[in-house]
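S.K.: Let's have the full structure, built from the sequences with the hints guiding it.
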Amino acid sequence: MNALTTTMSADSRGRRARRRSGTITRVVVLGAIAIAFISPIIFMIVTSLKTRADATAIPPSWIPNPISLQAFASILAPGTSTPVLQWFANSMVAAALNATLVVITASLAAYPLARMQFRGKNFVFVIIVATLLVPPVILVIPNYLIVSELGWLNSLVAIIIPTAASAFGVFFMRQFFVGLPIELEEAARLDGANRFVIFMQVVLPLAKPALATLALLAFLGNWNDFLWPVYVLFSPEVQTLPAGLSTLQSANAVRYDLLMAGAVVASVPVLALFIFLQRFIIEGVSRSGVKG
Amino acid sequence: MSTKVGERALPTGRARRPSASDQKPQKNRGVPAGTRQQGLATPWLFLAPYLLLFGSFVILPAVLGVWISLHSWDYTLPNKPFIGLDNYVALFSPGSTVFGPFWGSMRATGIFTVLSVPLLLIVPLAVALLMSKKFPGRDFLRAIYFAPYVLGVAVISVLWRYLLDNNIGLVNHYLGLLGLPDDTAWTTTTPAAWVALVGVTVWWTLGFNAVIYLAGLQDIPIELYEAARVDGAGPWMQFLHVTIPGLKPILSFITIITLLASANMFGQSYLMTQGGPGRETRTAIYQIADAGLRNFQMGSAAAMSYVLTVFLMAISALVFYIFREKQPKKLKKEVRS
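Residue numbers (the working numbering), protein chains in the order written: chain A, 1 to 292; chain B, 1 to 337.
Treat the hints as calculated values from the structure; they're not laboratory data.
If you're wondering where the values come from, they're calculated on a predicted model, not measured in any experiment.
Possibly wrong hints are sitting among the right ones.
[What the hints assert, rightly or not] Just the calculated beta-carbon pair ranges, DEER-fashion:
no., chain 1, residue 1, chain 2, residue 2, range
1, B, Y174, A, V126, 46 to 54 Å
2, A, A130, B, D74, 26 to 34 Å
3, A, Q175, B, H241, 27 to 35 Å
Yeah, the Cβ is synthetic: ideal placement off N, Cα and C, and Gly gets one too.
M.R.: Pasting the structure below:
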């Protein structure tokens, strides 16, 4: 390969130079778009650090003057009708429990679908996968009634449990289990381990990256879920952050300093997860590509 | 593998060999990959927790929804009389009170879908193509393009309503600096509101589609490009005859999920335009949720959700059909049109 390139003609050397300048153009173009792309998020953070007057000043400025934590102090203060700190706690609890539930139920269900032969297996799998294509809207109205019957309206339980029936999770984990080499499980079988022990002690440790990815996607999905919480949670103190942001917006139509501070509070955990674990998230999406 | 099993089976008895290798070669190994080696109940015990959730909150509601749609089901009233198909009939009767709002919202969903889907198929593909070759900082750029998606619809909608504010918003400010009209009411007039809703959605989900495209591009064997180059194909011909056919399965997948996502648009409209001006940007999901869960006309809302679902299923089926039947060349036209 090296010998080949050194003996290349001037013509192909010119092509290589062109290709290099092509790469530079590419990086510059993509970099410029990327800056434009990220700038709204930067401006959200900038505005959240402005005073009320500064946030509505014309022309808008990219540097808060002075840098102020007023907006955060105001929305995070206890005893308001828009308890942002409470929403934050609600969102954390709901997303964490929902993700836990998704990971446990989906991986348990995926294992026999990947590794066992039994009557009804294909039927169960096809039904689960088929629901991936069913628009979630047909479930909203009846689920409201079911949740109401269960006494879960206006309670975080409604945000945690119904959405934990993740068909995507089952599909995702099944694909992962199918791809695992079967030899370790077979060895454990020879040692007389039963299926559950094999699942817990052999399969799950191998599945850690997939479990982490699924947990992250479920967490993000639940944290960002909007329609369901907006309609199911009506008291301010039980709302999650997205529903709360809607309440905050109706209460403070043009107090953009407060709204941006609220948006920042709703963004910090997911942005932090994304920054530290983006590989899991992006690879999870690109491998399966179903909205989380 | 089967020969190995056969060899092992051979010493134990000649008569057994044919049946062992014919039927279930693995059975003799004692550690089959997928034969019935567990109790009958075992798989169902594994499945039970999930199926409990799935049955209660996916299957039951899907069936219950049909039942509700056959009733005059007002959540706040004790009586919910059975009315057969009246809810559906009303949706298709121009004189009824639900006809106008429902089809208006279907129209809004249609407009949004038609405007957003082509952009969400083409722009992310362009980004993915630019990023398909390795270069310094590629992973970082990929992360930046993806970042808006992790924020969720509530955050990005509240953020963009601020950026699009007609008096103090950043967008009008910069348009003014460029010598363009700087007083567009992005969230309270059409067609500006559609530009805003579509633009924000493209910004929000571009990275998501790009990441899927990127994975698809990386699955196309590099030898195919080399072979095409040897045959004298330039970049455009390579794109047409290697990239597009290679992306075919990914394309149909992205088309379906993007269509469904766009047809399910709700948050952007709810928070940025409040469905306005008037009801012009009130989407079908918005209308269904509001009719069912604010006004508690659940029978009618459930009927609406099934009508919408039939539309979406038909469109999904059409997409599957297009991608299955057509040749790669025509396929490209479909995607671009």
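S.K.: Cβ-Cβ distance between Q175 (chain A) and H241 (chain B): within 27 to 35 Å?
M.R.: holds (30 Å)
S.K.: Is the hinted range of 46 to 54 Å satisfied by the C-beta distance from Y174 (chain B) to V126 (chain A)?
M.R.: Cβ of Y174 (chain B) to Cβ of V126 (chain A): about 51 Å, so the range 46 to 54 Å holds.
S.K.: Does the Cβ-Cβ separation between A130 (chain A) and D74 (chain B) fall within 26 to 34 Å?
M.R.: holds (32 Å)
Of the numbered hints given earlier, the model fails none.
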